[in-house]
Each structure stands twice: as C-alpha cells, then as structure tokens.
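J.: The lines below spell out each chain.
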Amino acid sequence: MDVNVQWVFTSMALLGLASGMIGTFALLKKQSLIGDAMAHAALPGICIAFLFYGQKSLLVFLIGAACSGYMATVCIQFIVKHTRIKEDAAIGIVLSVFFGLGIVLLTWINQHEGGNQSGINDFLFGKAASLTGNDVNVLTITAVLMVITILFFFKEFKIITFDRAFAQGIGIPVSLLNGVLMFLIVSVVVIGLQAVGVVLMSALLITPALAARYWTERLGWMTLLAGVFGALSGVAGAYVSLIAYVPTGPLVIIFATALFLFSFLFAPKRGLCSKIIRRHVERKKLRVKQLMYERGEQL
Amino acid sequence: MSYTIWILLTATLVGINCGLVGTFLVLRKMSMLSDAISHSVLLGIVGAYMVSHQLQGVSMLLGALLVGLLTTFLVQLLHQKGVQSDAAIGVVFTCLFAIGVVLISLFADRVHLDVEHALMGEIAFVPWDVLEVGGQSIGPKAIWLLGFVLAINIFVIVFAYKELKISSFDSEMAITLGIPVALIHYVLMGMLSLTTVASFDSVGAILVVAMLIVPSATAYLWTDRLSMMLICSAFIGVLASVIGYVGATAFNVSISGAIAVSTGVIFFVSLWIAPKHGLLRKWLKKSPV
Numbered sequence: 001m002d003v004n005v006q007w008v009f010t011s012m013a014l015l016g017l018a019s020g021m022i023g024t025f026a027l028l029k030k031q032s033l034i035g036d037a038m039a040h041a042a043l044p045g046i047c048i049a050f051l052f053y054g055q056k057s058l059l060v061f062l063i064g065a066a067c068s069g070y071m072a073t074v075c076i077q078f079i080v081k082h083t084r085i086k087e088d089a090a091i092g093i094v095l096s097v098f099f100g101l102g103i104v105l106l107t108w109i110n111q112h113e114g115g116n117q118s119g120i121n122d123f124l125f126g127k128a129a130s131l132t133g134n135d136v137n138v139l140t141i142t143a144v145l146m147v148i149t150i151l152f153f154f155k156e157f158k159i160i161t162f163d164r165a166f167a168q169g170i171g172i173p174v175s176l177l178n179g180v181l182m183f184l185i186v187s188v189v190v191i192g193l194q195a196v197g198v199v200l201m202s203a204l205l206i207t208p209a210l211a212a213r214y215w216t217e218r219l220g221w222m223t224l225l226a227g228v229f230g231a232l233s234g235v236a237g238a239y240v241s242l243i244a245y246v247p248t249g250p251l252v253i254i255f256a257t258a259l260f261l262f263s264f265l266f267a268p269k270r271g272l273c274s275k276i277i278r279r280h281v282e283r284k285k286l287r288v289k290q291l292m293y294e295r296g297e298q299l
Numbered sequence: 300m301s302y303t304i305w306i307l308l309t310a311t312l313v314g315i316n317c318g319l320v321g322t323f324l325v326l327r328k329m330s331m332l333s334d335a336i337s338h339s340v341l342l343g344i345v346g347a348y349m350v351s352h353q354l355q356g357v358s359m360l361l362g363a364l365l366v367g368l369l370t371t372f373l374v375q376l377l378h379q380k381g382v383q384s385d386a387a388i389g390v391v392f393t394c395l396f397a398i399g400v401v402l403i404s405l406f407a408d409r410v411h412l413d414v415e416h417a418l419m420g421e422i423a424f425v426p427w428d429v430l431e432v433g434g435q436s437i438g439p440k441a442i443w444l445l446g447f448v449l450a451i452n453i454f455v456i457v458f459a460y461k462e463l464k465i466s467s468f469d470s471e472m473a474i475t476l477g478i479p480v481a482l483i484h485y486v487l488m489g490m491l492s493l494t495t496v497a498s499f500d501s502v503g504a505i506l507v508v509a510m511l512i513v514p515s516a517t518a519y520l521w522t523d524r525l526s527m528m529l530i531c532s533a534f535i536g537v538l539a540s541v542i543g544y545v546g547a548t549a550f551n552v553s554i555s556g557a558i559a560v561s562t563g564v565i566f567f568v569s570l571w572i573a574p575k576h577g578l579l580r581k582w583l584k585k586s587p588v
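One line per chain: the protein sequences are H and X, in this order. Counting from 1, position 151 in the first sequence corresponds to residue 151 in this note's numbering; the numbering is continuous, with no gaps. For this note's numbering, add 299 to where a residue sits in the second sequence, where the first one is 1.
For the record, the hints were derived by calculation from the structure and aren't laboratory data. Careful: at least some of the hints might be erroneous.
Restricting the straight-line Cα-Cα distance to at most 30 Å, the calculated cross-link-like pairs of lysine-lysine (DSBU-like) are [said to hold, decoys possible]: (1) H:K86 / X:K440; (2) X:K328 / H:K29; (3) H:K285 / X:K380; (4) H:K30 / H:K158; (5) H:K30 / X:K464; (6) H:K275 / X:K380; (7) X:K380 / H:K86; (8) H:K30 / H:K285; (9) X:K575 / H:K269; (10) H:K81 / X:K575; (11) X:K440 / H:K81; (12) X:K440 / H:K30; (13) H:K158 / X:K584; (14) H:K86 / X:K464; (15) H:K86 / X:K575; (16) H:K86 / X:K584; (17) H:K81 / X:K585; (18) X:K328 / H:K86; (19) X:K380 / H:K284; (20) H:K30 / X:K380; (21) X:K464 / H:K81.
Use the sequences and the hints to build the structure in full.
T.: Set out below in structure tokens:
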C-alpha cells in the first residue's frame, strides 16, 4: 500500500476513534450542537493564527482554533446567562457570526497573503488526501493524547455527566473538568476540520455516539463502541473516497449515518424492530390471557 | 452605480425575508432548525437539478421545499422515537448535506454549482444574472425570486397572524382553541425552506443562518410585542446589509461574511443599550445611585 494512503487511513481511523469517544460525553450532556458551533467558531481563530504565523501549520491552527472556540463558548454562556435569549438561539448567533468573521478573514488572507497556496480553503470542506506527513503526525499524537485523557479522567467525566450536584458534593472540580471536556471537543473538531471539513466534523461527534447509545446501557461500553463506530466510518469513508474520487468527509458521514440507522432499527434492546416485536409479543400474551379468562379457564 | 443598488436591494430583501421568518423560529426555540435546513437544502437543489436539468426557478424552489420539509419531518420522527432533539437535528442535516455534497462531486463536471459557492454565496455576481422577458432585461433573477418569496411570507403572516402568534407563545392553548398547530408548523417550515433557498443562491448558507437568527434575537431584546418584533427584526436585517456591504467594499472582503459580522455587531450593541432587556439598564436598576 502507498505510504500516503496508509497515512490517510491511519489518521481517519484515529480521528474517528477520538471523536466518537469524546462525542459520547457531548451527546449525554445534551450538547451535540456545541460541536457544530465549535466547528464553525474555529475558523476565525485559524485565520488569525495564520495571519500571525505566516504559514500553514496544523499545530498553530490548533492553538488559534482552541482560542476562538473557547471564546465562543464563553459568549454562548454569557448570552444565556444575562439575557432572555434561549440557548439554541445563542448557539446560532455565535456560530453564524464567528463563521462570518472567519469568511471575512479568509477572503482578506486570500487577497493579501497569497493564501490560496496556504490550503486554508481545505478547512471548509475537508480534503483528507491533502494531509501531509507532518499533519498526520500532529493528528496522530493529538488523537492518542485525547484518548488517554478520556481514559484517565473517565470516572470523573462519568460522574459530572450523570450527576453534577453529586460530583460537586464529593469535591470533584466540576468546572475544571467541564473545561477539559470542552477543550477536548474543540481540539478534536480542529484536527478533524482538515480531513472532513467544518460542517461534517460536528456529525462525526454526534452520529457514532448516538449509534452506540442503542447497543448498551453502560457508559464504558458506549464510549468504546462510539470510538469503534467512528473509526470504522473513517476508514470506510477514506477507502471509498480513494476508489470513487469523491470527497472523504461526506462519505465518512454517510457511513456513520448508515451505522446509526442500522442501530436505530436493529439494536437488540432499544432498536425500533425489537421494540415493535416486543410490543407484539406482549399484546399476543395479553390476548391469550383474555381469551382464557373469557372461557373461564384459570391460568 | 446601479450595480451597487442591485446588490443592496438583494441583501435588503434577504434581510426582510429572514427577519420575518426568523422571528417565529427564535420565539419557538427552533433556531438550530434553520441551521439544519439551510444546509440540507443543498440536497434539494442538487436533486432538482438531476430531475429537471436546470438550476433555477420553480424546480429549484420545489426541490428545496421538499427537502426542507423532509428535514423537519425526519427530525420530528427521530425525536418521537426517543432520540434527543439536538442530536436528531445534528444527525439528519449532516447526513442530507453529505449526500448533497457527494452528488455534487459526482456531477460536478456538468453542474455549475460548487459547494464553496453554495456555502459562502456570491452576492457580487447577482447583478449579472438577469431575467429577460422578450429580449428585454427586467432586473436580476435573484431580486424576482426574493420578491416572490417575500410576497408569500407577508401573505402567510398577515393571513394567519393570530394563529401563528398563539401557537408560537402557547401551543397548548392553541390546540384547545382548535388551531391546527401541526399544519402551522409545517407551513412555517415551508416558509423557512423557501426563504432559505431564495437567499441561499445569492448569499450562501452561512449568511442565511446569521440573517435568520441574529436580527430576530436582537429584536427580541428591544421589544415585547410580536408585531414590533417582526418590523424591528426586518429593519435590523436591512441595516446589517447596508453596513456589511459598505464595510466589505471598503476592505474588499466577502460581502456575505461582512453582513454576518455586522448582524453580530448590532446584536452586541443592542445587548448593552436595549431599553428594557439591555444589560446597562438591568445593572442600573440593580444598583440605584
């Protein structure tokens, strides 16, 4: 196999793994759309980082994006806390205004800095094939670090996700850990931007996690499954994209959605089909009971 | 000169359309549905092209309308089957958008419709794409499309004002009064899809989201009356268009992006100085000097 192809496969698998695992927590905290907001809010940070640094570097972009992603969450929280505007509108405001600013900066860079060669445009739509060896290294290291962070703080994340008040009661630094989680979301979005693009990166956070939710009631299994689903979609998307000359990002998302649909329909306990079958069986039992009762037979 | 006027007129029409529809979205806590529809509409446009082999007019509107309603329908279906609402929105629109992008890239050599153009829009090209009747140019196509959608929007809002109002503020009371709440919901989603697709081609998905949510949320800070909120939100949309256009030409940057930023600036200013719900007023009230 070509080295370049191996790079793409490795990075897509790792990206899917990390975003699936992190997405699990975002989903359970009902913050799925925060991933969407982060993906859009990262753009101005990336552009400003480019203006300062002068050339394309995934690490510098990561720092810039993390800063603007953090600012975006602060803005959302400020609006929700101090006005009567609800959270969904606050997310929408921040998402679209930050992204608008990003587009303004992008057009500015394209005119003034010869930015067309900088590859910033790839960040909008994603182009896994354009990843260089250096990018893949940064991506790999970041993804591995993120997975380790999740494993290390797993118990704490679990408690703050399910029972915040209890976590506070037993002395867990809730806001710090929330910050860590938000930082993980921002980072995974940023390293994913170049591979799958702004719009679809948020899907890579939500969809595998949602699919995993159908198979298990345990957080540990769900996190693991979400990671596996993400990695599978990443590799499958990259593979088809190489054969069919279609952009990687959308294919990854289509595979992830297919996994979700399969889980939604056929998962053993929570899936739609098993629910329908169960209801049918129970109704039948009830009917038999009724029949026997009417005939005066005892069970 | 007329070049500038056409662009300003387009942006103004987008501002009014989005301001009117967005008000109901913000009040119904459905803001993110506009983000969803503005992306999934792309699939409708591609689908319409594949069926009718043309990229404008009625087929595009119909395609977008269908996909817009499909999006809402799927989101609601998943939600009813136990998927939490934010995740339902996220899954549906990203999937439809992904299918749209794949279809575009498969037909890219034959379609003049690239994803970049669709997302960022190119309002600067609007004046050159004119509608001709009997060899006589009668203004840009975008203006006619937006004007047509504006007429529909105003007609629906005037015709069903009371129903829209009651079902937005108190859907349970609306049901007891016998107002067809589900129908109103889908009519609103239809308006949203039409508005999105009409604005989409000239200003791009991102500005549509900005124009739908930000001016309406800003208007929500200024007034408590629905009628005032509609007018206020349309006015802010127009104001942002003008400021954004002037700024964009001054710095030679993306017009759509600049308009989105100016909606943000107006929101930020309003956040402080709005008469009743502004922060300055609230803080003054708290600490009487």
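J.: Would you mind marking each hint as holding or not holding in the structure?
T.: Hints versus structure:
About 37 Å separates the Cα atoms of K86 of chain H and K440 of chain X, which puts this hinted pair outside 30 Å; it is violated. A C-alpha spacing of about 19 Å is found between K328 of chain X and K29 of chain H, which places the hinted pair at or below 30 Å, so the restraint holds. Of the pairs offered as hints, the one joining K285 of chain H and K380 of chain X holds, with about 24 Å between alpha carbons and a cut-off of 30 Å not exceeded. For the hint pairing K30 of chain H with K158 of chain H, the CA-to-CA distance comes to about 14 Å; that is within 30 Å, so the pair holds.
Restraint check: the Cα-Cα separation between K30 of chain H and K464 of chain X comes to about 29 Å, which is no more than 30 Å; the hinted pair holds. Taking the CA atoms of K275 of chain H and K380 of chain X, the gap is about 10 Å. The hint holds against a cut of 30 Å. For the hint pairing K380 of chain X with K86 of chain H, the CA-to-CA distance comes to about 25 Å; that is within 30 Å, so the pair holds. For the hint pairing K30 of chain H with K285 of chain H, the CA-to-CA distance comes to about 38 Å; that exceeds 30 Å, so the pair is violated.
Between K575 of chain X and K269 of chain H the alpha-carbon distance is near 51 Å, which puts this suggested pair outside the 30 Å criterion. With a C-alpha separation of about 16 Å, the suggested pair K81 of chain H and K575 of chain X falls inside the 30 Å cut-off, and the hint holds. Straight-line distance between C-alpha atoms of K440 of chain X and K81 of chain H comes to about 43 Å, which puts the hinted pair past the 30 Å bound. With a C-alpha separation of about 42 Å, the suggested pairing of K440 of chain X with K30 of chain H is violated against the 30 Å cut-off.
Taking the CA atoms of K158 of chain H and K584 of chain X, the gap is about 41 Å. The hint is violated against a cut of 30 Å. Taking the CA atoms of K86 of chain H and K464 of chain X, the gap is about 18 Å. The hint holds against a cut of 30 Å. Distance restraint check for K86 of chain H and K575 of chain X: the Cα-Cα separation of roughly 17 Å lies within the 30 Å cut-off, and the hinted pair is therefore satisfied. With a CA separation close to 23 Å, the supplied pair K86 of chain H and K584 of chain X stays within the 30 Å bound.
Of the pairs offered as hints, the one joining K81 of chain H and K585 of chain X holds, with about 16 Å between alpha carbons and a cut-off of 30 Å not exceeded. The hinted pair formed by K328 of chain X and K86 of chain H meets the criterion: a straight-line CA distance of about 7 Å does not exceed 30 Å. A hinted pair counts as satisfied when its Cα atoms are at most 30 Å apart, and K380 of chain X with K284 of chain H qualifies at roughly 23 Å. For the hint linking K30 of chain H to K380 of chain X, the alpha-carbon distance of about 17 Å falls within 30 Å, and the restraint holds.
A distance of roughly 26 Å separates the Cα atoms of K464 of chain X and K81 of chain H; the hinted pair therefore holds under the 30 Å criterion.
Checked against the numbered hints above, the structure violates hints 1, 8, 9, 11, 12, 13; every other hint is satisfied.
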